[in-house]
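Residue numbers (my numbering): 20 to 158.
To be clear, the hints were calculated from the coordinates, so they are not data collected in a lab.
Careful, some of the hints might be misleading.
In silico DSS-like cross-links for lysine-lysine, where the CA-CA straight-line distance does not exceed 25 Å [unchecked claim]:
| hint | residue 1 | residue 2 |
| --- | --- | --- |
| 1 | Lys150 | Lys121 |
| 2 | Lys153 | Lys128 |
| 3 | Lys93 | Lys153 |
| 4 | Lys93 | Lys83 |
| 5 | Lys150 | Lys126 |
| 6 | Lys121 | Lys153 |
| 7 | Lys121 | Lys93 |
| 8 | Lys101 | Lys128 |
| 9 | Lys128 | Lys93 |
| 10 | Lys101 | Lys121 |
| 11 | Lys153 | Lys83 |
| 12 | Lys126 | Lys83 |
| 13 | Lys126 | Lys93 |
| 14 | Lys150 | Lys101 |
| 15 | Lys150 | Lys93 |
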Amino acid sequence: NTMKKILSLLVAALSLFMFSCFSPATPSDVAVQFYQHIAAGEYDEAVACIDFSAMSVENQEEAKNTTRSVLTEKIAPSIERKGGLTSIESISETITENETGKSAVVKVKLAYGNGTVDEDNATLIFDENNKEWKISVSK
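Please work from the sequences and hints to get the whole structure.
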């Protein structure tokens with residue numbers, strides 16, 4: 020009887036864990052992850068957070084390479100000049116839904132090692148096929 024209770028508790032905990040791991044991330048989660056990847060020098064992972072689906076396959080590869088170059092040559096050095104990112108925080112999230120699907124605007128607060136703080140707006144779209152939020156490249 021005690022074993023049955025332990026087992027049912029374990030199953031409940033495991034299903035809760037599985038649900039939390041496999042449920043779609045929020046737009047705020049994706050926006051913060053994007054900046055975390057950049058700060059960690061994980062440019063391929065940062066590029067993977069971006070939606071390029073509106074482009075042809077040929078243009079997608081070119082856009083991904085261009086984005087990777089901008090991250091490594093412009094954004095990363097700018098972050099380094101400011102002493103690196105010390106914190107990345109979502110301060111607001113607005114989700115809208117219309118006939119073309121779901122989109123969101125996430126305001127992110129970026130704090131740097133030199134004490135400066137920036138705010139950035141990330142626009143995201145929900146990819147219905149993959150059930151995930153991605154940063155939009157079109158404004």
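Does the structure break any of the earlier hints, and which numbers would those be?
Those not satisfied are hints 7, 10, 14, 15.
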